[in-house]
Amino acid sequence: MSIATVARKALSLQKDPVFRLLVVMTALLGWVTAMGLGGLVMLQQTYQSWELNQASQFSVYLRSDASAQTMANLVVDLETRRGVEKVEKMTDGAVTALLTPLLGDDVQKQPLPQVFNLTLHSTADRDALRNRVLQDFPTAEFDDGNQLVADVGALVRAVQWAAAALVTILLLIMGLLVALTVRAGLRGQKRSLSIMQYVGATDSFLELIVVRQVLWRSLLGWVGALLLIAVSCAALWSSGILAGALFNPLLLATVALGPLLLTLTTLIVSWTTAGWVIRK
Amino acid sequence: MIRFDNVVFQYPGASTPAVDRISFELAPGTFHFLCGPSGAGKTTLFRMMYLDLQPTGGSITAFNKSGRRFSRTEVAILRRKMGIVFQDYRLLPHLTVQENVEIPLTLHGQPSAAQLKAVKEILEWVGLGHKLKAMPAELSGGEQQRVAIARAVVNRPKFLIADEPTGNVDALMGRKIMHLFTELHKHGTTVLVATHDRELVKNFGFPTLYLENGKLKV
Chain A
1 MSIATVARKA LSLQKDPVFR LLVVMTALLG WVTAMGLGGL VMLQQTYQSW
51 ELNQASQFSV YLRSDASAQT MANLVVDLET RRGVEKVEKM TDGAVTALLT
101 PLLGDDVQKQ PLPQVFNLTL HSTADRDALR NRVLQDFPTA EFDDGNQLVA
151 DVGALVRAVQ WAAAALVTIL LLIMGLLVAL TVRAGLRGQK RSLSIMQYVG
201 ATDSFLELIV VRQVLWRSLL GWVGALLLIA VSCAALWSSG ILAGALFNPL
251 LLATVALGPL LLTLTTLIVS WTTAGWVIRK
Chain B
1 MIRFDNVVFQ YPGASTPAVD RISFELAPGT FHFLCGPSGA GKTTLFRMMY
51 LDLQPTGGSI TAFNKSGRRF SRTEVAILRR KMGIVFQDYR LLPHLTVQEN
101 VEIPLTLHGQ PSAAQLKAVK EILEWVGLGH KLKAMPAELS GGEQQRVAIA
151 RAVVNRPKFL IADEPTGNVD ALMGRKIMHL FTELHKHGTT VLVATHDREL
201 VKNFGFPTLY LENGKLKV
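Line order of the protein sequences matches chains A and B. For the first sequence, the working numbering begins at 1 and goes up steadily by one. For the second sequence, the working numbering begins at 1 and goes up steadily by one.
These are calculated hints, taken from the structure and not from any lab test. Among the hints, erroneous ones may be present.
[Said to hold, decoys possible] Calculated pairs, DSSO-like style, for lysine-lysine (alpha carbon to alpha carbon, straight line, at most 30 Å): (1) K117/B with K176/B; (2) K280/A with K81/B; (3) K190/A with K65/B; (4) K9/A with K117/B; (5) K15/A with K131/B; (6) K9/A with K120/B; (7) K131/B with K81/B; (8) K158/B with K120/B; (9) K65/B with K176/B; (10) K202/B with K280/A; (11) K131/B with K190/A; (12) K9/A with K131/B; (13) K217/B with K186/B; (14) K133/B with K190/A; (15) K109/A with K89/A; (16) K81/B with K117/B; (17) K190/A with K158/B; (18) K217/B with K81/B; (19) K176/B with K186/B; (20) K176/B with K81/B; (21) K215/B with K202/B; (22) K133/B with K9/A; (23) K81/B with K9/A; (24) K133/B with K176/B; (25) K81/B with K190/A; (26) K15/A with K133/B; (27) K120/B with K190/A.
[Stated by the list, open to error] With the C-beta cut set under 10 Å, the calculated list includes, among others, these residues of chain A facing chain B: (28) I3; (29) A10; (30) G200.
[Said to hold, decoys possible] Examples of chain B residues lying across from chain A (beta carbon under 10 Å, computed): (31) R72; (32) P93; (33) H108; (34) Q115; (35) N155; (36) E164.
Only a predicted model underlies this, so the values are computations on that prediction, with no experimental measurement involved. A virtual CB, placed ideally from N, CA and C, is assigned to each residue, including glycine.
Starting from the given sequences, assemble the full structure and let the hints guide the process.
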């Protein structure tokens, strides 16, 4: 008689309705886990590329009547500062285009501010730059991309923590369900367990019988989750949401391995629970 | 084969030990009865034989392994060298007769073909060769006991212990079962049979360990 037969007939957990649903539960929760982790990866990557662009931007707004000579001297000074890659004065046309959405057609009647766009490295001392500008132009205003990055970054981190918490909760729910199922299943078969022990079954052999049953079901659940993920990705791709991002290796690895995390959780929990019941 | 040295066992909360400073040795190839009135400590001693209970005092030596505490893995490995027969048979209800007898062979990692051959032989020997595919619930008490014996000896253990093996069967079946045990003994198996059936003990004439109030009487 093979170990599989022993598992199927002598110590079967099949009688438990929750255990019979293990494949469906693993597939559904695995799908949710994969979507959550995939979303996290996409959010992180989108944020990172946006952050790289934003963090290097620093704009200075001067009044329209700012002295041309002082501005020229300022530009020369700023260009020599550490971390400053480029200082570029916006043309009147570009400033008009920038302000039109905010002020409407009235922008033509207003005196246009003098706008300088600075491209900075991360080594730039933004406070020193700000102070240097204010020294010549006390009414100057600034648009610092770094502040926006910090605000959006905090939001992204909050979303990531929420998603991570959701995945953790899913893993805990799955673990709890498996633990309760294995415990109830084995407690209902205490007599069979003790008979197996009397004929020389070691604890690890009995644990193996339980883990085998859980392993097959959770692996089937993983395959089910992969199918659900494939269908979801196809739907998102055809709607254009995933355009260009679908063939990202990190994203693909995350959504494929995410449900495996669930499978691993069920295995570890079933093993430890079986060991605990068998030794008790 | 198995030796008890000043073995004591006291259940938690009990005022007196169930087994009190017992010493004896079952040499290889011997046959003994274990007798005594109800409450004498027979079951406790029997459970200590197959290491279901570990002594609270003294030490047990089984198959040259000695100690007061055996690890769970050691217990399992030692049990594979023993055959145990219970009064209530303890067959797995969802397995056929063949599968029940195969379990010890599965634990030994024997291939399926060898398992089937050994199971057929042993079931023929106990007179149940035709019940291979029967479920335990379809068998009489005597048949179930013979399946239990087949399971206990299919591995050809060096030591066979039986707790009241004739307790739930009629006299004729009881004699048949005892003849199976004596046959095993003739082939070199060490046998210990716990019973309260004095007639049985008298008829077979093997040495007896007599327990009374947890102490061994010679």
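Tell me the numbers of any earlier hints that the structure contravenes, in ascending order.
As far as the earlier hints go, 9, 10, 36 are violated by this structure, in ascending order.
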